Structures are given as structure tokens and as C-alpha cells.
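Asker: Those sequence lines, one after another, are chains V and G.
Going by the working numbering, the first sequence opens with residue 1, and the numbers climb by one from there.
Going by the working numbering, the second sequence opens with residue 1001, and the numbers climb by one from there.
Simulated from the structure, these hints should not be mistaken for lab results.
Treat each hint with caution, since some may be false.
[What the hints assert, rightly or not] Covered stretches of chain G (in silico footprint by chain V; criterion: 3 or more residues with CB under 8 Å from a CB of chain V, positions within the stretch not fixed): (1) 1045–1053; (2) 1069–1083; (3) 1108–1114; (4) 1272–1284; (5) 1335–1345.
[As the list claims (entries may be wrong)] Computed beta-carbon distance windows for the label pairs: (6) V:E254 - G:P1354: 48 to 56 Å; (7) G:K1398 - V:D117: 21 to 29 Å; (8) V:E239 - G:K1398: 42 to 50 Å; (9) V:V357 - G:D1274: 33 to 41 Å; (10) V:E248 - G:Q1032: 45 to 53 Å.
Since we're looking at a predicted model, the values are computed, not measured.
Even glycine gets a Cβ: it sits at the ideal position worked out from N, Cα and C.
There are 2 protein chains.
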Amino acid sequence: MSKSKPSLPRGTRDFGPEVSAKRSFIIEKIKQNFIRYGFSQLETPAMENLSTLTGKYGDEGDQLLFKILNSGDYLSKTSEDDIKAGSKHLTTKISEKGLRYDLTVPFARFVVMNQNDISFPFKRFQIQPVWRADRPQKGRYREFYQCDADIIGSNGIWNEVELTLLFNDVFDDLKLKDYVIKVNHRDVLFLLADHVGLKEKAIPFCAEIDKLDKIGKEKVIENVVALGGDNNKIQEVMELFSISDQQEIVTKIEELDPENKGVKEIKLYFENLDQFNNKNLQVELDLSLARGLSYYTGLIYEVKPTSVKMGSICGGGRYDNLTGVFGLNGISGIGISFGLDRIYDVMEELSLFPEQVTQPLDILIVHFSEENLKHGQKVVMDLRAAGLRVDLYPTSDKIKKQFNYADKIQTPFTLIIGDNEMESGEYMLKNMQSGEQNPMKVDKIIQHFKG
Amino acid sequence: MSKSKPSLPRGTRDFGPEVSAKRSFIIEKIKQNFIRYGFSQLETPAMENLSTLTGKYGDEGDQLLFKILNSGDYLSKTSEDDIKAGSKHLTTKISEKGLRYDLTVPFARFVVMNQNDISFPFKRFQIQPVWRADRPQKGRYREFYQCDADIIGSNGIWNEVELTLLFNDVFDDLKLKDYVIKVNHRDVLFLLADHVGLKEKAIPFCAEIDKLDKIGKEKVIENVVALGGDNNKIQEVMELFSISDQQEIVTKIEELDPENKGVKEIKLYFENLDQFNNKNLQVELDLSLARGLSYYTGLIYEVKPTSVKMGSICGGGRYDNLTGVFGLNGISGIGISFGLDRIYDVMEELSLFPEQVTQPLDILIVHFSEENLKHGQKVVMDLRAAGLRVDLYPTSDKIKKQFNYADKIQTPFTLIIGDNEMESGEYMLKNMQSGEQNPMKVDKIIQHFKG
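From just these sequences and the hints, can you work out the full model?
Answerer: Given below as C-alpha cells:
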């Protein structure tokens, strides 16, 4: 039994009281909105068969899967040749299960396994951790949460609009205002590829466009020309990117091809969104947005904070083929994902967490004697019954020690019970920040906190 | 890329919409109570270093740990001798991490790593899955949730009382009435061991007592006598077990030794509980309750359902030494654990889940045309803004198809939007069970659901 100081595996984290409370605050707001929007929860196991996971995330992804060693005498099922063939081969002999790498593949597996019981359209949400054996670095962890919502089996533009409103409602609830929802459409990007003469190289073209923020306009133009793109046309496209008036962008792409599916959907999307202009939606058509195009086939989303230097905090889009990897074709849908860690970082940087979230208690009850403590048991239970978060200092230590504890745990209020208070039923409620204190009966205390 | 029908690893489960909603209902009630009682949340990583986990759960436990294969070319760090030494040895060379086996060891690790930042008494709760490579069978899974609450660094009897009230509040909130909270005390059990002449064999004596339900009184007497216990005295102890009047039991054990720590604490515990006799507490002193005595050192709890044949649904007790395994002594505390799966099974058997929990929606909006659908977008958002769970059928399919969908997803209400409804602003709210329908404006619909 090792008695050396214990530690955490690299790239993993404990979430202590304060951080955990803040994370719960975000998760709850997301979950409440998912539920109000009619999404049902799905939970899948942390472990999946490697046959489910392998080959779904590319070669690099396969290497980043955490694999679980088979139980028991796993070597007995291997031969000398298996050992000689090296780690990669041996793994297939001594490991059958891996940890969930994302929430999409388990969702697809669930849909395939339950296809006869699911009524489409099917709206599911899933909020669970995933694991990746990535090299840990700032902001990149080996265990992190994903918060996904998908609508499958429906093609109406309302899906696209609805998920935009969902982003808006979640960030409203979080009081996070400084963000923009960027949208684009795969087919519009492909139209631009066509325009510069790269119809057959649309994906590499998009990959270059995606680098615009990182490498700058001139370098992108150079790369697109190197791909075989027309120099004048790519200059035109760059000018398109710099237009800020949304209506003007739509008009311009309509001029390129009014019958393009992407152009039509973008138009319809904004027409439907217009109904909600009272909501102060922060949606921006960004023709240079080019993400996940090996998967997404329609509208794509990205949410970016505007006052904090950081990458996207949400993403998503419409896809054609969720379950093809498992041999079930024709399941299309649209999904979004909230990046919990990054949303947390933005909220922290902008000090958006309500004070109450980080306070473990509303009130700590302190007392002067065993008898006061016993009386306090009734008081604490009455206050808890009203929904307040209240604790009773559990032993009759010196009052100074109790107040020291109150300071350490940063309770905003203490309630002091002495013999006089016991008799009158009016307890001293003390604001620990201002020092102000007032005698109050239980019902008045409840009123004070519950309004 | 395998296209064979995917499956789940043995002993693991998907939780689809209905089951997940029911599980969330239980977890939320437990969590809300933990928070009201002043417990702060802790979350620890799924993966722990094997040096943290190994040796903490006995030899059998070590074998039940899920171990994670090191990433990359793990064989390169092994020798031929390592391979020859067999699976058990090789594991130490190719695996450094394992999956969380319970929530207690990670909590102890957290306390040791953060001992300088923690203010005692420290109340933490933790609700997370754990993994055990057990042979799967009915009711036993390889992934399951634990819901733990612990108070460390405090010895007052209020802790024991408070956790009893917490059990009571949680089951009140779940509307689960048919249960009993059984309590006992390690020192009282040891007193009984002493009484039958087995002072030095108290633990084996308790192990026999623990079998009472399974093997019956006669067999237990036989075994205790075989251990060297006095036949007459063990008969006396058996008579003690059969007393149902609580006060009488307390009097009897006081007669054995009024100065016994366990006797005194049990007395004090019931004296304090008496203050809450308005709460209809279902607490029973059961001198034959003997659980986890290699860990617990004071009062022990077990909650059992009374109208469903099933083992305990909660357990817990006071312990002396949480963190000794990591070289930090003197951290004592008391903790309880809610068995989510078993509580779920009891609630299912007694049909205690509120109907609303298993309905994914309050209302599904259906419509007759594209124009009605577009109008419905505003209506659905207005109803969601009021906190209702509402969905809008997303495409203008035939109304019959929309109602079929409404039936399949078992929405309790539909809201029908046609041209007349659009004009009047009064939509037809249809009770899908009774077929009754009434025209209502949005504010009246909200009132109907929100009361």
C-alpha cells in the first residue's frame, strides 16, 4: 500500500466546491433549455466496444482512444507472435473496450440499436464527459464534458432557426452578451470554390479559407492560387468576406447562383429568423466560416465570444449521414454542441457567475452552548424546509472558532443563537460583509431571502 | 471500418429518454437536498492513478479495477521477463491508470492533496459513476452511479441526526414512504461480543450476526458458539434482537454497560431525534445490523424498503480514518450513500414516478400549412419562454402524420394552429387522452399549465 503523496493523472482535474458549483450552474442552464425545447436526455456508458469506436475518428483519433485492458489473465489469449507483432497489434488481442471519445458516435450507435423504437423527428440531448489521450496543455484536457443536442429525421428550416434561438436563450440565461453566432452553408462555400474554378477541389479550398484568421488574406490568396484558383476571382471572394451588411452578402451570393441550395436555405433561414428580431439575436452570416465539412453538409454554426480572445465556444451544423458508419443510411439531422470549459473560462473572465453560485451557504447558524446548539437543530431544519441553504455549526466550540469558520467558508450571513434569542424566538441575522445585524423570527428570515 | 450491428459492452447500459428522465428526477431530489443541507459538490476524474486505487479494496477489489492501457508503444517499456512473469505483473508495466471504483478513495485523495485549503468541518457530496469489472448479473452492473455525502472533521452527534433527517427529506421529496432507517453502533455490537465472551473475536462475531437474515437464528447461535461464545449469553442476545420497543432496547443495553461509548451515543442520538417527532421519522434501532465494520467505527445506517423485497437502498456510518491509506491520519467523519439503481427499482415497482417526468413534452404544436407552421414558431417560443416544455412539429406534413407522431411520443396535449386560429390568436388545445379541446390564447395556455 503506497503512502506516497497521491496525485492526479496528467490532463485530468478535480473540481472542488467552487468550480463544481460554477460548472453546475452552466450545465443546469443548458439542460433546462434543452428540456424546454423538447429534447430528451440520452446517457450512454463511458465504455464502448472498440469495434464501435475504432475507425470513426481517423488514424489520429484511433491513437487518442483510451483503451481498457481486458480483465483476468489476458495474456493467456495471446501467442508469442502477437507479442512480436508489436503494441498496435497486441492491443487488439488484450483490449476490447475503450472510453467514449465524443457523444456523436455513441448517439449513432444508440440510434442504430434502437431504430425500430425511435419516433422521428427525434430530439436528443446528451451531457457527459469524453476522454482523449491528447498531449495535455493549457485549455486541453484528457477528460472534458460535451453538451450536445441533435434533431434527427427532420429537414425543415425551423430546425436551423430553432437551434439558433436555443443558443440565444442559453446565453441569455447565463447573462453572457458578448458573443456572435456565425453561420454559413457548405453549399455556399462550394459555390465559392466553383466561382474561383476549384469545383473539384472544394474541400482543400475550404481548408484554406478556414485559415484566414490565422495566416491572413494575402497568404490565403497565394495558397488558393497554388491550388489552381483564379487570382481575380479569389480577390472577389475576399471582398465578399469583408462586406458587413448581411443583406448585401445575401444579394451577392444570390447573384452568383440563385438556385444554389445553400443560397436558398440561407435566405429562408434569415426570413424565418426575422420573426424574432425583438430578441436581439446576434447572428452573422460569415462566408469565410468553414468548419467540419467532412461531416456537415448544410448550414454550419460557430459561436464566438467578442470581448474575450478565445476560439469558438459552440459549434454545429446539419449533416446527411449520422449512422452510415454502422451501415444504416438515410439518418440526417442537425446538431449543436456547447463547449463547457470555454464557456466557463469566458464567464470567469467577464465575472458573470452570480455571487450566490460561489457561496456554499445562505446562512451559517452559530451558538453559545449545547442547549443553544440543540435549539438550533430545529431552526436549521425550518430554514432548510423553506429551501434555504443553511448549516448549523455542529459542535459547541467557542464562538470565536465558529466565526472563524464562517469567515473561511465565506458564508454571507450568520444567524446567532444565544439564550435570549432562544427565549424570544428572534435570532440575530448578521451580514458578514457589512457587520450589520438584526433580530428576526424564522418566517421573517425566510421572507428576507426568498423575497 | 466494421459495419456489423453495434452492441454495448456487457454489464453496461444506455439510458434512453424515459429512463434517463426518471434517473434525473431522483438525482435532482438528492442533489437539491445535499445543497440545502450545506454540502458542496466535488467531482473527481473517471481515471485515477493505479497507485491511488490499488490496495484500497482488498485483493478482490484490485482484480475488479478496470485498468487503462498506456498510450503509444507501451511494449517498448517492457522486457521479455515482464511478459514471462504473466498478466498480473505485466499489467504494472503497461497500465498506469484505472477507472474510479468508488467515490470514497477519490474523496480521500482529494482531501490529502488539498488538506491545507479545506476548512473543517467539510461537507462534500459527490454524484458520479463508478466502474467495477464484476461478473454482470441481474441488478449488478459494471457502470453505476454512487451518490455520497460526507461530513469530515466533526464529531458532534448533530451529524448523525442531520444525516438521518437528510434520508427522511430525500424520501419525502421522492414520495417514497415504505422504508425504514435502521441504525446501530459498532461499539454496541462489540459490547454484545464482549457479553458472549468474544471480546477478542468481535469482528468474526459481527460477521455471524450479519448473516441472521440469511441463515436464521439457530444457525447463527451455532456459529457463535463454535467461535467460542457462551451458549446462554448468545441466547440472551438473540432475545435482545427480537425486542421491538425502542426504549426497551436502549434500557437493556444500558444495563449491560451504561458507560459504553456506543450506548451513550445511541441514547444521545435518539434524544436529539425526539425534537423532530413531528416528521414521522422511520428510524429503528436494530442491534443485529452489522455492516462495513472494517471501516465504520461509530453509528451505522442502513435504509431498507419495507413493501418491496430488496436489500438496502442506502447505507453509511461514522468512520475514524478516511485518509490513513494515504498517510494522513486523524481525518474522521460520517458519510452516507444513496443507491440510485435500487431506489429507481423501488420507485418503479411502487409506481412513484410522477407522470410528468416520463412525458418528454407538455405540448406539441401541429399545423395545417407552411404559413401556420411559421406562425407556430412564435407561439412555441412564447410558451417556452414561460418555462413550458413545448415542441413545434418542424415540417408541414399532413396533419394525420403529425398526430401519429404526437401519439407515438405520448405528448399529453397538442396545440392546433389553422388559419382561423392564426387570425383569432386562440389556438385549439387538445387533451390527447380525453380528446377534449378548447380554444385558448397563449397567456391562458400558460396559466393552464403553470396554475
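Asker: Counting residues of the segment 1045–1053 of chain G whose CB is closer than 8 Å to a CB in chain V, do you get three or more?
Answerer: holds (count 7)
Asker: Establish whether the coverage given for the segment 1272–1284 of chain G by chain V is satisfied; the threshold is a Cβ-Cβ distance below 8 Å, and no fewer than three residues must meet it.
Answerer: Check passed, 3 qualifying residues.
Asker: Has the hinted range 48 to 56 Å been met by the Cβ atoms of V:E254 and G:P1354?
Answerer: 52 Å, holds
Asker: Note whether the CB distance of G:K1398 and V:D117 lies within 21 to 29 Å or breaks it.
Answerer: Taking Cβ atoms as reference, G:K1398 and V:D117 lie about 23 Å apart, which means the hint holds.
Asker: Within the segment 1335–1345 of chain G, is the number of residues with a Cβ closer than 8 Å to a Cβ of chain V three or more?
Answerer: Since 0 is below three, the answer is violated.
Asker: Between V:E248 and G:Q1032, does the beta-carbon spacing fit 45 to 53 Å?
Answerer: 51 Å, holds
Asker: How does the Cβ-Cβ distance of V:V357 and G:D1274 compare with 33 to 41 Å: does it lie in that range?
Answerer: 37 Å, holds
Asker: Can you tell me whether the CB distance of V:E239 to G:K1398 sits inside 42 to 50 Å?
Answerer: Between V:E239 and G:K1398, where Cβ atoms are some 46 Å apart, the hint holds.
Asker: Count the residues of the segment 1108–1114 of chain G whose Cβ falls closer than 8 Å to any Cβ of chain V, and tell me whether that reaches three.
Answerer: Our answer is that it holds, as 5 residues pass the Cβ test (under 8 Å) against chain V, meeting three.
Asker: Please count how many residues of the segment 1069–1083 of chain G have a CB within 8 Å of a CB from chain V and say whether that reaches 3.
Answerer: holds (count 8)
Checked against the numbered hints listed earlier, the structure breaks hint 5 alone; every other hint is satisfied.
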